[in-house]
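Engineer: Top line first, the protein sequences correspond to chains W and E.
Quick note: the first sequence uses our numbering, first residue 54, plus one each step.
Quick note: the second sequence uses our numbering, first residue 2, plus one each step.
Please keep in mind that the hints were generated in silico from the structure rather than gathered at the bench.
The beta carbon of each residue, even a glycine, is placed where N, CA and C say it ideally should be.
One thing to keep in mind: the hints can contain errors.
[Said to hold, decoys possible] Residues of chain W clear of chain E, computed beta-carbon distances all greater than 10 Å:
#1 Asp-106
#2 Trp-116
#3 Phe-173
#4 Asp-175
#5 Ala-191
#6 Leu-230
#7 Arg-233
#8 Arg-241
#9 Val-245
#10 His-246
#11 Pro-249
#12 Leu-310
[Stated by the list, open to error] Footprint (simulated), chain W over chain E, 3 or more residues, beta carbon under 8 Å:
#13 195–203
#14 267–281
#15 289–303
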Amino acid sequence: MSKPRSELSIILRGVAKDPLGLIGLIIVGTIVVSAIFAAWIVPYDPIGMNIPDRMQGPSWSHWLGTDNLGRDTLSRVIMGGQVALKVALPAVFGAMAIGLTLGMIAGYGPKWLDNLLMLFFDTLRSFPTVMFALAVVALVGPSLQTVVLVVMATSIPTYGRVARTQTLTLRNSEFILAERAMGASMARILGVHMLPNIIGVLGVLAAMDVPTVIALEAGLSFLGLGVKPPTPSWGALLKDGYALIRQTPWLVVGGGLPIILATLGFTFLGESLRDVVDPKLRKNR
Amino acid sequence: MSDTLLEIDNLSVDYETERGDLKALRDISFDVQKGEIVGIVGESGCGKSTLISSILRLTAPNTRFRHGEVRFKGDDILTKTERQMRDLRGSDISIVFQDPMQTHNPVLSIGRQLVDIQHRSNATKAQKLDIAAKMLAAVGIPDPQARLKQYPHEFSGGMRQRIAMALMSEPDLLIADEPTTALDATLEVQIIERLKELQSEMNCAILFISNHLGVIAELCDRVVVMYAGAVVESGDVREIFHDPKHPYTRRLIECDPGHIKTRARILPTIPGEVPDLVNLPDGCIFRDRCEQATERCHQVPALEKLKDGHFAACWLNHPEEATA
């Protein structure tokens, strides 16, 4: 019965009807498309140095100028977007998948398992993200994978708690009782009936979480704990620009603007999605 | 070969609460014959819901079965494994719930849910969809193909209740848990008619739970009157309505709005409250609210057979010397 394509098109159409949703969709679309095709659309090699052209302002040949090593800022911004998504998407989806599974188990399983999982979530949450990241990076060294794992680990409790609360509410709802009374197995109740009720909420949460993760990656890179140079990252651009702010303010713009735009875009999209994924709200739009 | 389908024998169920054990059901005994419609009446909190969930074994985790048996086709349900119970639920025993607005998954289309309900069948998805459309058509919903794609909130309450009934695969026992309470009077008639049809089509027994005496009188063959977790009277519907043998039944009939002939500003009620089921008073549970209570009522009256098919638990049915 379910036709994922038509369902997706309903959601996309709904988002596009909402002005903020449309803006979010355009920004996110641009970032995603440019990240996918980054290797083909960058005007210059993002890590290739060109000392004679160093620290130039914006011009027709370098729209956002160049840095102290003569690297084209626009190319580094585009490449940085790819890095940002390479961190944000796996981290968010990984955290969502693990959090969803554990949260549903906590909500539907026996009380002792719930207590155990909640203890696990609370322990994970009690680490301040940046401190936790510092400790892990100090142990295993900075890399893209480390950032992904750290961000994922610290976001699991958020998804887990929401999934647990939703499961607890749902398990006492009449329609779940009705399903059980009709002889549905636990797997069927969780997979067929509860999951679609929870996934929408978590999806919205994930869309809202992407900018947080992007900012976190930028923050870690800014501190030199994220991706290793010369790999371009928005955070690293900010750091370079911060050091050279008097000579070339364009680097800071190149690092900061995409972070702001990505945050706005994903937030608008997330808020719009929240209204659209609920079939009850959908009709009123 | 016995014709008894469901036999509840001396069933006592407690809920463990922080205040102590709440004795939700005490020594409940009654039976349902094949193809029979049995009504259960009683005010809120009398244990009707506990009874239903005990039959389906869908009780809350703090439920304790103290003693007694629930025999379905001769087998004790309380000793079955979860796996065996799952096979019973929805195939041998089905249930229609009180609030049709709450019994469907809000985020799945009706078609999806009607397909899902056929999880026991080996038909292909297309065949199941076809059956789903036929189910909707069978309960009188126009344009079933288009409506399969709609979500529960796009259906009216009466339609949803009919869909809930459509979901059933010929059960032997249908439990109807106040199926008309959340609906208006015209829909109530339709649902009752539909239940009668189902009963004659599938030849299933129906356990009809309601506090609407008029509906019980019209639909049921026999009725079980429950009060505060115990059966106070049971028997043939006509017998009970024309010659109630327990003061509670009598008051219940007097309080039924359909029964009141003269215009009254204040509808009659039964004074007092249901006793606290954690700290049960000794003696007859209805004693505190009974106008005819006497010294004898400090002893618990047993549910006794007054004549064929009429049981009541009240000292008034016994001559004075019997207890002396």
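Engineer: Does each hint fit the structure? Answer for all of them.
Structural biologist: Comparing the hints with the structure gives:
1. Here Asp-106(W) stays apart from chain E, with its beta-carbon at least about 56 Å from theirs, past the 10 Å limit.
2. At roughly 46 Å from the closest C-beta of chain E, the C-beta of Trp-116(W) stays outside 10 Å, upholding its exclusion from the interface.
3. Against chain E, the non-interface label of Phe-173(W) holds: every CB pair exceeds 10 Å, the least being about 22 Å.
4. In this structure Asp-175(W) is separated from chain E by more than 10 Å, as the shortest Cβ-Cβ distance comes to about 24 Å.
5. Once the 10 Å rule is applied to beta carbons, Ala-191(W) is consistent with being away from chain E; the minimum gap is 45 Å.
6. With 10 Å as the threshold on Cβ separation, the claim that Leu-230(W) sits away from chain E is violated: the shortest Cβ distance comes to roughly 7 Å.
7. Listed as outside the interface, Arg-233(W) is inconsistent with that label: its C-beta sits roughly 6 Å from the nearest C-beta of chain E, within the 10 Å cut-off.
8. Distance check on Arg-241(W): its Cβ comes as close as 7 Å (rounded) to a Cβ of chain E, failing to clear the 10 Å threshold; non-interface status is violated.
9. Separation of Val-245(W) from chain E is inadequate, the least Cβ-Cβ distance of about 6 Å not exceeding the 10 Å criterion.
10. A beta-carbon of chain E comes within 10 Å of the beta-carbon of His-246(W); the shortest separation is about 5 Å.
11. With a least beta-carbon separation of about 5 Å from chain E, Pro-249(W) fails to lie farther than 10 Å from that chain, contradicting its non-interface assignment.
12. With a closest Cβ-Cβ approach of about 38 Å to chain E, Leu-310(W) is found to remain outside the 10 Å limit, as its non-interface label requires.
13. Here's how the region 195–203 of chain E fares: 0 of its residues keep a CB closer than 8 Å to some CB of chain W, so the rule of at least three is not met and the hint is violated.
14. For the region 267–281 of chain E, the assignment as covered by chain W is violated, since 0 residues bring a beta-carbon within under 8 Å of that chain's beta-carbons and 3 are needed.
15. For the region 289–303 of chain E, the stated coverage by chain W is violated: 0 residues have a C-beta nearer than 8 Å to a C-beta of that chain, whereas at least 3 were required.
The structure fails hints 6, 7, 8, 9, 10, 11, 13, 14, 15 (numbered hints given earlier, in ascending order).
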